[in-house]
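Protein chains: 4
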Amino acid sequence: MILPKANRLTPEQLAEVTAIVSEFGCQIQPIAGAMRTIYAIVGDERDDLMINRLEGLDYVDRIDRIQSPFKLMDRRSDLARGKLIIGGVTLGEELFVIAGQCTIDPKNPTLFYETAAAVKEAGAHVIRGGVWKPRTNPYSFQGDNKSLDILMEASRRTGLPVDTEVMDEEQLQLALDAGVTVLQVGARNALNYSLLRAIGRAIGDRPEVSVLLKRSVHMGPLNEFISAAEYIAAFGNPNIMLCPRGTTPTLDGYRNHPDESATPLLKEKTWAAVVVDPSHSVGKAAYVPAASLAAVAYGADGLCIESHVDPQHGIGDDPKQSITPETLAKVIKQGRAIWDLRRT
Amino acid sequence: MILPKANRLTPEQLAEVTAIVSEFGCQIQPIAGAMRTIYAIVGDERDDLMINRLEGLDYVDRIDRIQSPFKLMDRRSDLARGKLIIGGVTLGEELFVIAGQCTIDPKNPTLFYETAAAVKEAGAHVIRGGVWKPRTNPYSFQGDNKSLDILMEASRRTGLPVDTEVMDEEQLQLALDAGVTVLQVGARNALNYSLLRAIGRAIGDRPEVSVLLKRSVHMGPLNEFISAAEYIAAFGNPNIMLCPRGTTPTLDGYRNHPDESATPLLKEKTWAAVVVDPSHSVGKAAYVPAASLAAVAYGADGLCIESHVDPQHGIGDDPKQSITPETLAKVIKQGRAIWDLRRT
Amino acid sequence: MILPKANRLTPEQLAEVTAIVSEFGCQIQPIAGAMRTIYAIVGDERDDLMINRLEGLDYVDRIDRIQSPFKLMDRRSDLARGKLIIGGVTLGEELFVIAGQCTIDPKNPTLFYETAAAVKEAGAHVIRGGVWKPRTNPYSFQGDNKSLDILMEASRRTGLPVDTEVMDEEQLQLALDAGVTVLQVGARNALNYSLLRAIGRAIGDRPEVSVLLKRSVHMGPLNEFISAAEYIAAFGNPNIMLCPRGTTPTLDGYRNHPDESATPLLKEKTWAAVVVDPSHSVGKAAYVPAASLAAVAYGADGLCIESHVDPQHGIGDDPKQSITPETLAKVIKQGRAIWDLRRT
Amino acid sequence: MILPKANRLTPEQLAEVTAIVSEFGCQIQPIAGAMRTIYAIVGDERDDLMINRLEGLDYVDRIDRIQSPFKLMDRRSDLARGKLIIGGVTLGEELFVIAGQCTIDPKNPTLFYETAAAVKEAGAHVIRGGVWKPRTNPYSFQGDNKSLDILMEASRRTGLPVDTEVMDEEQLQLALDAGVTVLQVGARNALNYSLLRAIGRAIGDRPEVSVLLKRSVHMGPLNEFISAAEYIAAFGNPNIMLCPRGTTPTLDGYRNHPDESATPLLKEKTWAAVVVDPSHSVGKAAYVPAASLAAVAYGADGLCIESHVDPQHGIGDDPKQSITPETLAKVIKQGRAIWDLRRT
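Those protein sequences? They're chains A, B, C and D, same order as listed. Basically this note's numbering = 1-based index in the first sequence + 22. Basically this note's numbering = 1-based index in the second sequence + 22. Basically this note's numbering = 1-based index in the third sequence + 22. Basically this note's numbering = 1-based index in the fourth sequence + 22.
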């Protein structure tokens with residue numbers, strides 16, 4: 023849809039616009055309104071170059087895009103018929119829970135084994151454990167490859183699949199080789215298309231692997247978030263969970279502005295599962311239970327919660343954000359009750 | 023707390039700073055850190071003029087305020103012991119519900135009487151009905167005094183108290199004279215201190231009247247929101263409900279960015295009841311039930327929901343935002359279930 | 023423009039939509055694209071009620087509005103041909119400057135007389151002096167009617183018109199009776215339509231009076247800002263200056279996020295003069311000169327700057343934000359040079 | 023600085039807090055105010071783990087950090103004494119300009135050679151040419167290695183150094199091998215610490231190479247931006263230019279919210295050069311000249327501008343954002359005049 027600055031295009035302008043869109047196989051259909059004429063682009067308007075050329079014309083006020091920029095992730099694509107099963111749970115059929123430590127302390131494996139056992143007991147389906155960490159401060163602890171062994175040992179002990187964040191191709195390869203089945207892309211890398219493509223390529227033929235894609239912390243449009251997932255799906259593996267985790271600008275008092283409310287909007291646009299991370303949204307353990315229940319109230323398929331058997335002896339964000347497995351058990355129980363309530 | 027630009031103040035700078043704060047009855051206490059010395063202000067730092075004078079010094083980097091700007095609204099003030107009872111409900115003891123039309127159509131009183139009866143039946147405790155409307159577009163319908171009579175007649179027919187927005191002193195007086203007992207201050211007037219003071223003065227000695235204060239749509243700090251309520255409480259009537267209703271920048275797809283998550287933060291700072299408005303947060307009827315339940319999950323004391331017996335024949339925001347009384351009844355039932363769940 | 027949730031409307035849906043718009047004198051024109059059909063509303067789509075009814079339909083994804091909500095303020099309206107002359111300056115022909123104190127101290131009139139004389143000497147065309155102040159903290163100094171006499175005395179001594187903020191009808195009447203010729207509407211009242219209408223009505227037949235309308239601090243769309251001005255223009259007086267003054271969320275380190283960059287966008291939409299307030303944008307005297315020059319670089323018609331002969335003895339925001347008249351003189355000189363540069 | 027929820031810590035709480043900070047070599051100093059006692063952390067408070075453990079205590083309201091998280095980038099570090107010389111220009115001594123195409127069209131090398139010659143003629147010191155492109159839409163043109171040869175050929179023809187964005191380690195290596203001397207990190211990768219570290223490591227001993235680090239599009243604090251640069255500087259190469267390029271939420275009408283106003287704030291915190299990108303801030307060619315001049319008015323050391331000899335035949339963002347070399351020449355001339363003005 024082309025909106026001219028004046029009330030209508032001149033014949034010369036219309037000819038120029040028509041010539042541009044015809045290079046991309048589209049046509050122009052004028053719509054004469056009472057006060058103003060606008061110009062519909064009939065055809066596949068998704069080519070950015072066509073849009074950029076039209077936006078570059080000085081008599082054009084703006085272009086309103088009608089079509090979404092993604093194809094495979096669209097709620098109406100064939101992929102919508104698939105089911106995502108992780109840790110024995112079919113997403114959408116019961117409340118799915120990933121839980122565990124923000125960060126594995128390589129000096130204290132026992133603590134992580136205890137956490138893993140405890141979150142399983144509390145009802146989690148996947149064990150979360152941070153091996154490598156993106157840190158604002160370059161002098162903070164950035165993670166340790168040894169933690170990967172600890173993570174996989176916890177997987178063997180509990181029999182549950184594990185989730186960890188990867189930030190580059192080297193970590194991706196290490197994680198896949200070790201047997202990690204839920205790859206997490208963090209908010210800072212949510213628009214790192216090189217990494218997304220590398221993941222897509224690496225797991226294209228590995229249907230046992232899934233991706234938990236965090237939403238970028240900036241207030242970008244939801245289409246941008248879903249499009250990032252398209253980079254992965256394009257290589258053939260549709261096991262994608264979209265993860266709202268709070269945005270900036272923050273709600274003052276929280277780490278971010280909670281955005282579990284994005285859930286219904288995402289579900290209108292895409293078939294992907296929505297797994298909310300309340301821990302990073304609010305950023306403080308005491309606020310996590312309420313935020314978790316709100317996410318279920320908004321229709322989330324699952325939750326990704328930081329939990330630790332002894333938060334004050336954790337590292338990374340754990341002392342601040344992790345809830346205890348006892349609290350986690352209560353959250354899961356109440357979350358299931360709200361899940362049921364929504365379906366009555 | 024004074025943070026200098028350099029690692030510490032010179033003796034002359036320290037003398038100047040000390041002289042300024044002493045005019046306001048305060049003292050300076052230096053805190054020598056490993057790398058930097060900062061300077062605590064000991065005393066009542068709430069005088070804006072003192073802060074502004076310190077911030078004006080070119081060797082001062084910034085001032086971190088330690089004390090909250092409000093007194094009466096503070097959770098630790100004596101007012102915290104009071105109870106707010108409206109329409110027979112003690113807030114905090116059960117889920118409180120205000121419901122009704124965004125706008126009363128003065129040409130169609132019957133529709134409003136039907137709505138009033140239906141929301142009462144669905145479980146609402148107060149009837150909401152917009153008499154005067156703040157509209158972005160100066161040529162849109164701005165309300166009609168006749169609607170006030172319709173509102174009061176609905177109150178008589180249902181036996182329930184009513185809520186309506188007032189935007190200036192004239193409307194305030196009309197509403198009070200007619201017998202409105204819940205005065206609503208809209209988001210656009212949330213920082214209109216002249217109006218807030220006028221309301222405070224008018225109801226200082228009328229304990230049967232309450233105020234529902236909407237949060238401003240901008241992302242202002244929560245202290246600013248609570249401080250606005252202090253303008254009312256200062257005149258003696260503490261019957262105040264704080265109402266988050268979504269903020270800008272919006273979550274794309276909604277009218278605003280839902281902020282029911284502010285509830286736990288507000289409750290840490292103030293004793294005031296929190297009554298969330300999901301209708302304006304999301305701005306579309308289909309999204310209202312989930313947002314309502316999320317608000318209860320976050321611990322809201324109540325909900326203020328737009329409901330209409332026949333939304334497509336409503337005016338103002340009703341065709342877009344209002345849920346039917348049937349949906350309202352279900353929301354209230356589920357909201358009560360979550361209310362109970364949170365207290366187990 | 024109606025965008026359906028599905029790829030096209032069913033015949034029944036199309037009939038319903040057509041019936042709704044025909045009530046408002048409009049028609050529907052379908053535009054069949056390659057993948058999706060959308061539906062143009064042909065006619066005057068500005069009636070909010072029509073839009074709200076369409077948005078309330080559950081098969082409608084969203085409505086894209088094509089027309090702007092304002093009429094008189096539109097750059098293409100007849101009012102664009104008028105000129106605004108204040109203090110002997112025709113806006114748009116040379117750099118226009120309002121300068122003076124944030125707040126007049128009623129206990130120290132001499133300071134204000136000195137400021138008034140000094141900003142005139144520095145090149146200001148209008149003297150700014152705050153009589154009544156909107157303060158977040160209800161216990162801060164809120165202004166004093168005595169300051170109005172001081173303001174008018176400064177006007178007489180300098181021979182310059184004066185600018186002051188009014189926050190309610192009582193202050194409006196006092197200011198007009200005293201002879202204030204630039205009425206300022208502050209950011210907190212920018213959407214207080216009752217006040218805007220009262221001002222419009224009061225000055226409809228007083229062409230010697232102008233209004234400086236601050237932009238609301240929230241990130242609202244520019245159309246909302248311009249529409250607020252329409253409330254004033256509707257009563258016949260087009261002497262309106264739009265004043266960007268920074269928005270939230272802030273750029274950390276400043277009081278707000280500077281928005282002088284809105285200037286070219288405003289000028290594309292409306293004929294109104296743009297007078298930028300750098301003092302509130304950045305909130306600290308040291309940053310004001312650069313922000314002032316940036317506003318001129320962006321094409322502002324004028325500047326509204328806080329200046330004080332002795333900031334540390336000022337009240338309100340003056341100790342923090344006011345630049346000295348010496349600095350002001352330099353800013354005006356450099357601003358004029360950039361003004362000339364832009365016109366080469 | 024620890025702010026307790028209650029007015030002061032109990033002796034047991036104080037003991038716990040003291041024990042935590044002493045593990046990190048710090049001490050606690052209570053500051054008894056009139057109403058509330060707060061607790062300063064004396065020592066190096068920069069360890070995130072210490073802060074996280076304190077924030078995890080349920081009796082702690084919040085922690086205010088006093089020290090900045092970066093060391094080398096600090097304005098007071100020894101690195102502040104160095105000078106950055108690129109393309110024969112010492113940054114800070116005259117207005118530095120990077121200009122060229124958003125995207126090199128591998129099918130049309132001649133266009134790029136013409137652009138390179140023309141921007142040199144207009145006064146640019148470095149030629150910008152996009153080889154690989156981060157695109158929201160996975161199906162858009164993502165760049166081509168052949169363009170790297172075209173870029174280097176333009177460098178040879180003009181004798182000027184070149185700038186291109188790298189998004190992963192493979193591209194980084196290709197660019198360095200080819201002889202690119204200004205590596206650009208895009209806004210989407212601004213917090214991709216793996217990439218930043220890889221760049222730092224690769225250029226640690228290559229003082230002829232510089233980095234142009236774009237600011238992330240989210241509204242993150244400036245300390246986060248500067249900290250990202252610390253990842254590069256930590257490996258020994260301090261040739262870093264910080265590049266504001268607009269943030270979200272956008273100023274409606276622009277691609278982003280222009281943030282050239284961050285310049286004075288950055289310069290107070292760090293010694294790094296500030297080179298503003300007006301092209302992405304505003305996102306449309308017609309707005310670029312004003313935004314460029316505003317950046318110089320705010321004190322930027324340089325500009326990074328998209329320019330193309332024939333924008334409508336460009337690809338990527340060029341048809342929309344690129345100004346012609348004629349316009350560029352005028353912008354540079356006027357920019358230099360403002361540069362001189364600021365130094366009078």
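It is worth saying that the hints were derived from the structure and are not from the lab. Warning: the hint list may mix true and false statements.
[What the hints assert, rightly or not] Derived pair list, reagent style EDC-like, types lysine to aspartate or glutamate, alpha-carbon separation capped at 20 Å:
# : chain 1 : residue 1 : chain 2 : residue 2
1 : B       : K27       : D       : D332
2 : B       : K291      : B       : D66
3 : B       : K129      : C       : E45
(request) Take a quick look at whether K291(B) and D66(B) sit within 20 Å of each other, Cα to Cα. (result) 18 Å, holds
(message) Given the hinted pair K27(B) and D332(D), is their Cα-Cα distance within 20 Å?
(response) Distance of about 48 Å is beyond 20 Å: violated.
(message) Tell me if the straight-line CA distance from K129(B) to E45(C) falls inside 20 Å.
(response) 16 Å, holds
Consistency with the previously given hints fails for number 1 only.
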